[in-house]
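S.K.: So the chains spell out like this:
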Amino acid sequence: MSLGQVLLVATLAVPAVGAAVVALLPRDRAARLVGTVAAGLTLLATLPLATGGRGWTAYGAAPAVLPWHRLDLPWVPGLDLRFHLGVDGISYPLVVLTALLTLLCCAYTLWKVPDGGGSGRALVALLLVVEVGILGTFLALDLVLFFAFFEVVLLPMYAIIAGWGGPDRRRAARKFALYTLLGSVLLLVGVYVVVAAAGTADLVALTGGAGLPRGTQLAAFTLLGLAFAVKSPLWPLHTWLPDAHTQAPTVGSVILAGVLLKMGTYGLIRIAVGVAPQGARWAAPVLGVLAVAAIVAGSLICLAQGELKRLIAYSSVGHMGFVLLGVATLTATGLQAALIGNVAHGVITGLLFFLAGAIKDRAHTGALAELSGLRETAPRLAGLLGFAAVASLGLPGLAGFWGEAFAVVAAVERGGPLWTTLGVLAAIGGALTAAYLLRLLRRVTHGRPSPAVGRITPGLAAAELTAWAPLVLLALAVGLAPTLVLGVAADPVAALVGVLR
Amino acid sequence: MRVPVLLLAVPAALLGLAAFLPPVTDRLGAPEGELTHVGPALLLPLALLAVGVALAWAGWRRDRAADPARALGPLGPVFAAGFMLDDVQRALVVRPVTALARLARAADERVVDGAVEGTGRGAQGLGGALAGLHRAALPRAAVGVLAGALLIGLAAVLIGGAA
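Those protein sequences? They're chains A and B, same order as listed. Heads up: the first sequence at position 86 corresponds to 119 in our numbering, and the numbers run straight through without jumps. Heads up: the second sequence at position 26 corresponds to 1306 in our numbering, and the numbers run straight through without jumps.
If we strip away everything but chain A, and leave its shape as in the complex, we get (with noise of 0.2 Å):
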């Protein structure tokens, strides 16, 4: 076994070993301790597979996905099954992003168990969980691996909810499950259609469509873009996410908005865009126009939303939304601010609900209207709260810029009338962004303080300013470099829009 090779499967074994030794650990704070170390070792493997062969030496044409390392294993040979893991550009930066914010959260929780009364223990051994899944998602390279590894995510993330969240949580937790169980029967459905068609389920033969006639193409994308349109979440079909983001404790809702609805865009870009390119380009207008809808439908929701962590929710949906756009226009630019808005929005919004946590458990209440001068009470939270919100908006110079601004680009570059219309629409959307970001801002940070706000003392906690550190300097880094994470794409994505002409 390569380097490699070891470093994929400890991304996947180090999380699972560490949820179950935390998961029998009898003492509590020791678990959560072994966690928060397990996480960091697993943030520690995933770094260093950047390194490794990025080139094409072989003879022949290059193939659509060319991971820098692949574990090819026998899994379930009856069946064909195989353990295939791979890692590229397309899926390290979210790799990435998936094993420091699953540490940022772990170590949130050393400090804060929400309250609920569920143990901080099981939070954290189903973080860990959860990890696996989603690392497991983005690294699988055989198509009902990655089924399997969607899965995996689901209850875990049910329990999040229902362990440790608000008042309503039970019932947001059920709606979550189902709506998204409805997606993963889709997603089975899809898979099935594709594996029985093509006769393997391995996705580097299958990426360029490998032959699958026109009609399963079309069946096939239709069950996949469905499916991951429903967890990414695309309009109309978002509407689990504001009950279950409101009800979710803050490292359930970090989790959720900052990597796991990313499973459901890197799974249309990978899987649905990859597989069947043809119903790609045949869905591509139905796509364009749905996620302008959701950047446009979004953003007038979150300007009429009297709730903190429902209208962070509803602006996780008009920011899918550029990315979804991204994605349809089926162009390199395209492709390649859904990918850098994917891991802006991971790390914005990752920022923005542990802040609107932060705001909540001191506050007591998220309601808009008993929010108000943060900035004389707390200065130091409201002016994270601002810089958050800014970057969020797509300030030049921050993550969320380049997602929102080259999705526009990439949608007026495409050309035609139809094209054109979406690219000002969603720019429209881009200017509602900024006016309900700053609403939110003028509402919470300014005026004089509202008796809920007036209680709060200005102190930030240590393990507070730990968890937030990174998120910040990692939305100034990719904002003054969109290199870190477009540099690494650069070439996968241009091999995925070669097999789509």
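Derived by calculation from the structure, the hints in this document are not laboratory data. Incorrect hints may have been included.
As the list claims (entries may be wrong) - To give an idea of the chain B side of the interface with chain A (calculated C-beta under 10 Å), a few residues:
#, residue
1, 1347
2, 1377
3, 1380
4, 1388
5, 1400
Here the structure is a predicted model, which is why all the values come from computation and not from measurement. Glycine residues also receive a C-beta, built at the ideal position from the N, C-alpha and C atoms.
Please arrange chain B on chain A, whose structure you already have, making use of the hints.
M.R.: Frame of chain A, contents of chain B only:
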């Protein structure tokens, strides 16, 4: 406070005139006549400005306590509000967008989410109804079983007869 104000005010008032000095324009590399446009578009506003200053000064001389802008009459507030552009913007952009936002939120909660919740409630109701049928008392259950047997028998005869 006086020194920084002076330092800023004097260049602010006079630096614009540097556009008429050839040494400066040469250093900037600007072509002849690019930086300055002395024409009606510049002189008319300047003349009007001078008239306004003179009128305001005359008004102030007549009554030092009163605001000279009162001479404008009903036009005063319009000028003070920048030709009411803020109000125009509020009426044309802000109000419609906030109304649309409220509508979008209501539609999202009632129609889009309502359809989802309705599907859930419908499935629950259907399940409850089916469960109720299965819990029927003995006579109705017996009728059900007999009806089922009849149906299966009919199907067997019809399909068997056809084959």
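S.K.: Compare the structure with each hint and give your call.
M.R.: Status of each hint after checking the structure:
Residue-level restraint check for residue 1347 (chain B) is violated (minimum Cβ-Cβ distance to chain A is 32 Å; threshold 10 Å). Contact between residue 1377 (chain B) and chain A, as hinted, is supported at the beta carbon level, the nearest pair being about 7 Å apart and thus within 10 Å. With 10 Å as the threshold, the beta carbon of residue 1380 (chain B) comes within range of chain A, its nearest partner Cβ sitting at about 6 Å, so the hint holds. At about 5 Å, the closest approach between the beta carbon of residue 1388 (chain B) and any beta carbon in chain A falls short of 10 Å, and the interface hint on this residue holds.
This hint holds: residue 1400 (chain B) has a C-beta 7 Å from the nearest C-beta of chain A, less than the 10 Å allowed.
Hint check: a violation occurs at hint 1 only; the rest are consistent with the structure.
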